[in-house]
Each structure stands twice: as structure tokens, then as C-alpha cells.
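Peer 1: So the protein sequences, as listed, match chains A and B. Going by this note's numbering, the first sequence opens with residue 364, and the numbers climb by one from there. Going by this note's numbering, the second sequence opens with residue 16, and the numbers climb by one from there.
Read the hints as simulated data drawn from the structure, not as lab findings. Possibly wrong hints are sitting among the right ones.
[Said to hold, decoys possible] Restricting the straight-line Cα-Cα distance to at most 25 Å, the calculated cross-link-like pairs of lysine to any residue (SDA-like) are:
| hint | chain 1 | residue 1 | chain 2 | residue 2 |
| --- | --- | --- | --- | --- |
| 1 | A | K416 | B | L198 |
| 2 | A | K411 | B | E280 |
| 3 | A | K374 | B | G209 |
| 4 | A | K411 | B | F44 |
| 5 | B | K253 | A | K415 |
| 6 | A | K444 | B | L206 |
| 7 | A | K415 | B | H111 |
| 8 | A | K538 | B | K214 |
| 9 | B | K253 | B | E204 |
| 10 | A | K416 | B | L206 |
| 11 | B | K214 | A | K411 |
| 12 | A | K538 | B | H111 |
| 13 | A | K411 | B | H111 |
| 14 | A | K416 | B | H208 |
| 15 | A | K374 | B | E204 |
| 16 | A | K415 | B | K214 |
| 17 | A | K538 | B | N274 |
| 18 | A | K415 | B | N274 |
| 19 | A | K538 | B | K253 |
[Claimed, not checked] Examples of chain B residues lying across from chain A (beta carbon under 10 Å, computed):
| hint | residue |
| --- | --- |
| 20 | H113 |
| 21 | T131 |
| 22 | H269 |
[As the list claims (entries may be wrong)] DEER-style ranges, computed between Cβ atoms:
| hint | chain 1 | residue 1 | chain 2 | residue 2 | range |
| --- | --- | --- | --- | --- | --- |
| 23 | A | P660 | B | Q287 | 30 to 36 Å |
| 24 | A | S396 | B | T201 | 25 to 31 Å |
| 25 | B | G144 | A | G669 | 20 to 26 Å |
| 26 | B | E238 | A | D539 | 47 to 53 Å |
| 27 | A | K411 | B | H235 | 22 to 28 Å |
| 28 | B | P112 | A | R456 | 36 to 42 Å |
| 29 | B | A279 | A | D662 | 23 to 29 Å |
| 30 | B | H235 | A | Q652 | 49 to 55 Å |
Where a beta carbon is used, it is the ideal one built from N, C-alpha and C, also for glycine.
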Amino acid sequence: MSVTLIGKHEKDARASRDAIVTALEEMMDADPSVCYVDCDLMGCLNTKGLWKKHPDRALQAGIAEANAAGVCAGLAATGKKVFLHSFGTFSSRRCYDQIYMSAAYAGLTVHVLGSDAGVTAAFNGGTHMPLEDAGMYMSIPNATVIDACDYDQLYSVMYGLIHTEGVTYTRFVRKDVTQIYAPGSQFEIGKGVVLHESDKDVCTVVASGILVDEALQAYEALQAQGVSIRVIDMFTWKPLDEALLVKAAAETGAIVTAENHNTCCGLGAAVASCLAKNHPTPLEFVGVQDRFGQVGPQDFLMDEYGLRAADIQAAVKKVIARK
Amino acid sequence: MKDLNVKELNVLAAQIRLETLKVIRSRGFGHVGGSVDLAELLAVLYGAAMRFDPKDPRWPDRDWLVLSKGHAGPAAYATFGLMGYYPIEEAYTLNHPHTRFPSHTDRLLTPGVDLTTGSLGQGASSAMGAALGNRLDGRDSRVYLVVGDGEADEGQVWEAFHFAAAHKLDNVVVFLDMNGYQLDGTTAEILDHGDLPGKVAAFGLYTQQVDGHDVAAIYHALEAAHAHKGSPSCIVLKTCKGKGATFAEASHAHSSSPNEEQWAEAILAAEQALEAARQA
Ligand SMILES: Cc1ncc(C[n+]2csc(CCOP(=O)(O)OP(=O)(O)O)c2C)c(N)n1
Numbered sequence: 364m365s366v367t368l369i370g371k372h373e374k375d376a377r378a379s380r381d382a383i384v385t386a387l388e389e390m391m392d393a394d395p396s397v398c399y400v401d402c403d404l405m406g407c408l409n410t411k412g413l414w415k416k417h418p419d420r421a422l423q424a425g426i427a428e429a430n431a432a433g434v435c436a437g438l439a440a441t442g443k444k445v446f447l448h449s450f451g452t453f454s455s456r457r458c459y460d461q462i463y464m465s466a467a468y469a470g471l472t473v474h475v476l477g478s479d480a481g482v483t484a485a486f487n488g489g490t491h492m493p494l495e496d497a498g499m500y501m502s503i504p505n506a507t508v509i510d511a512c513d514y515d516q517l518y519s520v521m522y523g524l525i526h527t528e529g530v531t532y533t534r535f536v537r538k539d540v541t542q543i544y545a546p547g548s549q550f551e552i553g554k555g556v557v558l559h560e561s562d563k564d565v566c567t568v569v570a571s572g573i574l575v576d577e578a579l580q581a582y583e584a585l586q587a588q589g590v591s592i593r594v595i596d597m598f599t600w601k602p603l604d605e606a607l608l609v610k611a612a613a614e615t616g617a618i619v620t621a622e623n624h625n626t627c628c629g630l631g632a633a634v635a636s637c638l639a640k641n642h643p644t645p646l647e648f649v650g651v652q653d654r655f656g657q658v659g660p661q662d663f664l665m666d667e668y669g670l671r672a673a674d675i676q677a678a679v680k681k682v683i684a685r686k
Numbered sequence: 016m017k018d019l020n021v022k023e024l025n026v027l028a029a030q031i032r033l034e035t036l037k038v039i040r041s042r043g044f045g046h047v048g049g050s051v052d053l054a055e056l057l058a059v060l061y062g063a064a065m066r067f068d069p070k071d072p073r074w075p076d077r078d079w080l081v082l083s084k085g086h087a088g089p090a091a092y093a094t095f096g097l098m099g100y101y102p103i104e105e106a107y108t109l110n111h112p113h114t115r116f117p118s119h120t121d122r123l124l125t126p127g128v129d130l131t132t133g134s135l136g137q138g139a140s141s142a143m144g145a146a147l148g149n150r151l152d153g154r155d156s157r158v159y160l161v162v163g164d165g166e167a168d169e170g171q172v173w174e175a176f177h178f179a180a181a182h183k184l185d186n187v188v189v190f191l192d193m194n195g196y197q198l199d200g201t202t203a204e205i206l207d208h209g210d211l212p213g214k215v216a217a218f219g220l221y222t223q224q225v226d227g228h229d230v231a232a233i234y235h236a237l238e239a240a241h242a243h244k245g246s247p248s249c250i251v252l253k254t255c256k257g258k259g260a261t262f263a264e265a266s267h268a269h270s271s272s273p274n275e276e277q278w279a280e281a282i283l284a285a286e287q288a289l290e291a292a293r294q295a
């Protein structure tokens with residue numbers, strides 16, 4: 364892992380989905396066993412060029428996600444390295460049993476990509492808002508589950524996935540994402556990234572995805588108030604970096620999780636389970652509190668569901684008081 | 016059914032198209048193409064065929080509308096507003112915070128919406144359940160189900176057709192909106208259906224095919240569907256995705272983000288079309 368934090372809270376001019384497109388194109392050019400299956404959402408992922416370039420291996424399965432997932436399992440059984448994309452709702456809920464049985468249970472590797480993570484489904488509304496997708500995939504034995512935060516992380520993760528066995532699920536935001544990392548940053552799947560730490564830390568915020576930038580803003584605000592916190596980008600939800608987490612719990616004595624997902628089955632739940640077993644620690648959960656999604660601009664939804672730096676700050680203060 | 020009055024239905028269709036555009040304009044962008052292409056169908060359904068009470072949206076004896084291609088919500092919101100379920104201006108809050116008018120039709124939010132849709136394919140099954148339930152209750156209510164041709168990629172659509180035919184749900188009329196386009200392009204290039212109407216017929220639905228922008232043709236096909244007993248019906252609508260929306264009709268775009276000038280031009284054209292229908 365070699366990571367450079369930018370953390371200026373500025374939007375990246377590059378659309379983060381293009382990290383996937385670039386990596387996919389490089390992989391398909393280099394390796395004739397790499398296949399990519401989409402469900403009538405190539406326009407949304409910006410892969411129509413790939414469809415033209417590799418019409419034999421960049422495939423349209425139509426609006427039929429369950430069938431697409433099964434087809435991917437069959438392709439995998441013939442040695443293909445397969446990526447499957449749809450919106451996060453449909454690449455989880457709409458094809459779950461096919462991924463579960465035909466792929467995971469059958470010992471086959473399929474890399475599933477879910478776009479429009481959580482509230483970033485914004486104007487498509489509640490029917491399209493995946494708030495449990497990663498939780499579903501975390502309940503598949505041996506699956507790998509990623510909540511990526513920006514372009515360079517996604518690009519690096521794509522190359523990690525191609526060497527990962529079993530079912531993987533990567534949720535991401537298509538565009539208008541805050542740049543967290545410098546180009547060339549390299550990540551190791553399963554290893555959390557410590558973004559800020561000192562020996563004065565009184566709490567650790569464990570975040571991922573669009574909540575990483577909120578966590579960094581909370582860090583700065585708390586710093587100004589003389590409160591020092593550790594910040595970890597836990598982009599791999601499964602397998603969880605338990606060693607890093609337990610160390611942070613031991614050294615800072617309090618944890619706040621922050622996720623763009625239902626807290627009952629996502630990052631917070633995974634962190635709680637790990638700490639309960641290994642190092643019981645006061646915990647607070649920032650994220651969607653067991654509610655359905657709804658329609659609206661992303662900014663409104665982040666306020667509505669309490670996904671802001673201010674919510675993280677409040678949770679930090681609350682958890683410290685519980686120490 | 017009310018007697019056929021072509022002029023009246025054409026005026027209503029033009030109003031629905033204009034209001035659909037205004038509803039989407041209130042957000043600035045959205046699923047224009049697959050919404051405006053339903054104007055004639057909704058005009059015939061709400062202007063002549065359906066039994067409904069805007070004062071009592073859940074009236075048990077009503078006929079049901081299920082837009083399984085839920086992204087056509089704005090066309091339904093325009094229609095319900097014109098029918099008096101709510102002042103149409105309320106629908107000019109499409110996709111705003113706390114709106115009752117989301118992109119995809121939601122039975123908990125919008126008066127007039129009978130079943131929640133958005134994940135394609137699912138409305139087909141729940142529509143059949145509603146038809147079965149009405150039959151169990153001894154009601155003669157009908158269920159009108161709208162399915163997209165791209166949506167027909169979903170196996171669930173065909174499971175629903177199979178179910179409806181096996182259970183002889185002749186209180187269902189399916190409208191298959193065959194505009195030839197889905198999100199990434201044409202249905203032919205994405206996952207070719209071959210003979211789509213033929214496949215529907217092979218599933219046991221009494222299947223007719225009409226020009227989906229011809230209100231009289233839709234009306235007559237509905238009469239025949241109502242008269243047909245013993246199996247569900249399907250009316251395949253040959254439509255133009257984006258029909259009557261100046262910025263979407265040529266491209267058949269799935270979603271559109273026109274600029275102010277394009278919006279103004281489209282609204283003006285739809286107003287002129289309404290005036291022409293009134294003068295006809
Ligand atoms: C299960 C599911 N997969 C994908 C989508 C995303 N999506 C919304 S509309 C659409 C294309 C629909 O095409 P069609 O049914 O032909 O509708 P129309 O062209 O009439 O608008 C897609 C892929 C969805 N809403 N649901």
C-alpha cells in the first residue's frame with residue numbers, strides 16, 4: 364500500500380466511474396479471458412466504447428440481472444474473469460440468489476460492481492437506493508466487499524479484484540466525487556488506511572465511501588476545538604482489517620463508524636461484531652438508521668439521513684462521554 | 016366505456032403531454048422519452064375506459080393502473096392532476112425534497128398510484144396479484160398494466176404472463192409499449208427479442224397490435240380486449256419514444272437534460288399541438 368492523501372474537500376474533475384472504465388479496458392486489452400457483462404446500463408457506466416471495442420467480451424445481458432448473474436457464473440466456470448455491472452440495487456437485490464448459489468456457493472469467482480451507492484442514487488429515488496447491498500454481500504461466506512471513495516482508490520481496487528478469488532462486490536459513486544487521494548495511490552484490499560493519527564487521539568472514526576470526506580471535515584473541526592481523533596478509511600468491509608481496528612480501539616478507547624448504508628447490516632455492524640469479540644469499546648454509528656431511501660438531491664439526502672461531518676462530530680462527542 | 020370521441024381524446028392526450036413536460040421541467044431533467052410516449056394511452060384510459068374517483072383514490076371498485084415501467088411516473092402525475100386527484104401544480108415538485116412526486120411511481124406517496132414500481136419487471140407480477148385479488152372479491156374491476164419493451168428483458172415479466180394466462184385473468188389488459196428503445200439504445204441491438212408480439216401471444220395472451228399514438232385504434236383494441244373472455248389481453252402499442260417532445264423525439268433519448276431554450280421550445284410546441292387538437 365502506498366497512499367497520498369489530498370483531502371482538500373474539492374470535487375475531482377474526473378468521473379470516478381472512468382477509473383473502472385480505464386482499468387477494464389486495460390485488462391480486456393491485455394487478457395482475452397476478461398469479460399464484462401452489463402444490464403442495459405453501459406451508458407451510465409460510460410462503457411459504450413468498450414462495447415464497440417470488444418463486442419465479443421463486453422456483453423449486453425439486457426434488463427435481466429438475475430440471468431446476467433447466472434451467465435457470469437457460467438463464464439467463470441470456463442475460466443473467464445468476469446465483471447458484472449448494474450445499479451447497486453439491481454446488482455444485489457435483483458440477482459442475489461443467482462450470485463449466492465450459482466457463483467459463491469459453487470466456488471466461482473464473479474466481480475460485481477454496484478453503481479450509485481446509497482444516497483447517491485438521489486433523483487432515481489427510494490426504489491433505486493441501495494442501503495443494504497453491501498450488507499447482503501457481507502452475508503455471503505468468503506465474499507469480498509468494498510465501498511470505494513474516489514477515482515484513484517477505485518482504479519487500484521480494480522487491479523486488486525482481478526487477483527481476488529470468490530464473489531466480490533464493489534459499490535461506488537459514478538461522478539461528482541470529492542478527491543481524497545493523489546493519482547498513483549495504491550491500496551491493498553483488506554487493509555484499512557489510516558488518514559490521521561497521533562498519540563493524543565481520544566476516538567477513532569472508521570469511515571468509507573462518501574463519508575470519508577465528511578470524516579476528514581469532522582477531524583478538522585474537532586482539531587480546532589482541541590479534540591484529536593484518528594481517521595481510518597475502511598474501504599474493505601469484508602474481510603475487515605481487524606488488527607487495525609482493534610489497535611485503534613485499544614489506543615483511542617472509542618469508535619465512531621460512518622457509512623452511506625443502513626447501519627444495521629453494514630460497516631457499523633461489522634465493526635461492532637469485531638470489537639464485541641476482541642476488544643469491547645464504546646461505539647456510535649453514523650449512517651442510515653434502518654430507513655428506506657427517498658428521492659431528492661444528494662445534499663438534501665445527506666442532511667436528511669444524518670451523513671454529515673456535523674453528525675460525525677456529535678457522535679464523537681457522545682462516544683467520548685461514554686468512555 | 017364511454018362513447019368514442021376522437022377529438023376529445025386527442026385534446027386530452029395533448030394536455031397530458033404538455034403537463035408531463037411541465038412536471039419534468041419543474042426538476043429540469045428526467046425520463047422524458049418514455050413518459051410522453053404514453054399520452055394517447057393514458058388519454059383513452061382516463062378519458063373513456065377507466066372507472067375511478069379522484070375524491071376516493073382507493074375506491075375498491077375502481078379500475079387499476081400499474082405502470083410497471085415506473086420511470087414514466089411524470090405522465091401518470093400529469094394525468095392524475097388533470098383528472099382532479101390534486102391540483103396539477105402540486106406535481107411541479109417532481110423529485111424535490113419531500114415531494115409526493117418521485118421519479119418512479121409510489122403508492123404511498125401519490126394519490127392515484129395503485130402499486131409501487133421502479134425496479135423493472137416487478138409491477139407485472141403485482142398487477143396480476145391485484146387482478147386475482149379483485150376476482151376473489153367478486154369485483155369486476157380491471158387492471159391495466161403498462162410494460163416497456165426493454166423491461167420485457169426481465170424474466171419476471173414472462174413469469175407474470177405465464178401466471179396470468181394459467182389463471183385465466185381476463186380482467187387484465189397489458190399494454191406493451193413497443194417504442195423500440197431502452198436505456199443503452201435499441202432493443203434490437205441490446206438483446207433482440209425477435210417477434211415480441213408473437214412471443215406474448217404464445218404465452219397465451221389475446222394479443223393485438225396498434226399505433227400507440229392513434230386514440231381511436233387504442234379505443235377499439237380495448238373494446239375487443241374487454242369482450243375477450245378466458246385469458247388476459249395484451250395490446251402492443253407501436254410508439255415513438257419521445258413523441259412530441261422537440262428535444263427527445265429525434266434522438267429517442269431515455270433521459271434528457273434540456274437547456275432553458277430547449278425547454279421553452281418544447282413547451283411552446285406542446286401548447287401549439289394542444290391548440291391544434293382543439294381546433295381540429
Ligand atoms: C430491474 C431494473 N434494472 C434496471 C433499471 C434501470 N432502467 C430504468 S429504465 C431502463 C430502460 C427501460 O426501457 P423500456 O422498458 O423499454 O422503457 P422505455 O423505453 O419505454 O422508457 C433501465 C435499464 C431499472 N429501473 N430496473
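Peer 1: If a hint holds in the structure, say so; if it doesn't, say that too.
Peer 2: Tested hints:
Proposed proximity of K416 (chain A) and L198 (chain B) is supported: the alpha carbons are some 19 Å apart, at most 25 Å. Taking the CA atoms of K411 (chain A) and E280 (chain B), the gap is near 30 Å; set against the 25 Å cutoff, the hint is violated. Under the criterion of a C-alpha separation no larger than 25 Å, the hint pairing K374 (chain A) with G209 (chain B) is inconsistent with the structure, at around 45 Å. At roughly 22 Å between alpha-carbon atoms, K411 (chain A) and F44 (chain B) fall within 25 Å of each other, so this suggested pair holds.
Taking the CA atoms of K253 (chain B) and K415 (chain A), the gap is near 29 Å; set against the 25 Å cutoff, the hint is violated. Our distance criterion of 25 Å between C-alpha atoms is met by K444 (chain A) and L206 (chain B), whose separation comes to about 22 Å. Only pairs whose Cα atoms come within 25 Å are accepted, and K415 (chain A) paired with H111 (chain B) is rejected, the gap being roughly 37 Å. Restraint check for K538 (chain A) and K214 (chain B): not satisfied, since their Cα atoms lie roughly 39 Å apart, outside the 25 Å limit.
Of the supplied pair hints, the one linking K253 (chain B) and E204 (chain B) holds, its CA atoms being roughly 18 Å apart against a limit of 25 Å. Between K416 (chain A) and L206 (chain B) the CA atoms are separated by roughly 18 Å; this keeps the pair inside 25 Å, and the hint holds. Restraint check for K214 (chain B) and K411 (chain A): not satisfied, since their Cα atoms lie roughly 29 Å apart, outside the 25 Å limit. For a cut-off of 25 Å, the pair hint linking K538 (chain A) to H111 (chain B) stands: about 21 Å separates their Cα positions.
Of the pairs offered as hints, the one joining K411 (chain A) and H111 (chain B) is violated, with about 31 Å between alpha carbons and a cut-off of 25 Å exceeded. Restraint check for K416 (chain A) and H208 (chain B): the C-alpha separation of about 24 Å stays at or below 25 Å, so the hint holds. Restraint check for K374 (chain A) and E204 (chain B): the C-alpha separation of about 36 Å exceeds 25 Å, so the hint is violated. Between K415 (chain A) and K214 (chain B) the CA atoms are separated by roughly 29 Å; this puts the pair beyond 25 Å, and the hint is violated.
With a C-alpha separation of about 21 Å, the suggested pairing of K538 (chain A) with N274 (chain B) holds against the 25 Å cut-off. Pair hint K415 (chain A) plus N274 (chain B) does not hold up; C-alpha atoms about 30 Å apart against a cutoff of 25 Å. Between K538 (chain A) and K253 (chain B) the alpha-carbon distance is near 36 Å, which puts this suggested pair outside the 25 Å criterion. Annotation: interface hint on H113 (chain B) holds; nearest CB of chain A at approximately 7 Å, less than 10 Å.
Interface restraint check for T131 (chain B): the shortest CB-CB distance to chain A comes to about 7 Å, inside 10 Å, so the restraint holds. Checking H269 (chain B) against chain A: minimum C-beta separation of about 8 Å stays under 10 Å; hint holds. For P660 (chain A) and Q287 (chain B), the hinted distance range of 30 to 36 Å is satisfied, since their beta carbons lie about 33 Å from each other. Checked against the hint of 25 to 31 Å, the C-beta distance between S396 (chain A) and T201 (chain B) comes to roughly 30 Å, which is consistent with it.
Our hint of 20 to 26 Å for G144 (chain B) and G669 (chain A) is violated, since their Cβ atoms are close to 36 Å apart. Between E238 (chain B) and D539 (chain A) the beta carbons are some 50 Å apart, a value that agrees with the proposed interval 47 to 53 Å. Distance hint check for K411 (chain A) and H235 (chain B): the Cβ-Cβ separation is about 41 Å, which falls outside the suggested range of 22 to 28 Å. The hinted window of 36 to 42 Å between P112 (chain B) and R456 (chain A) is violated, with their beta carbons roughly 25 Å apart.
Between A279 (chain B) and D662 (chain A) the beta carbons are some 28 Å apart, a value that agrees with the proposed interval 23 to 29 Å. Between H235 (chain B) and Q652 (chain A) the beta carbons are some 53 Å apart, a value that agrees with the proposed interval 49 to 55 Å.
This entry does not satisfy hints 2, 3, 5, 7, 8, 11, 13, 15, 16, 18, 19, 25, 27 and 28, going by the numbered hints stated previously.
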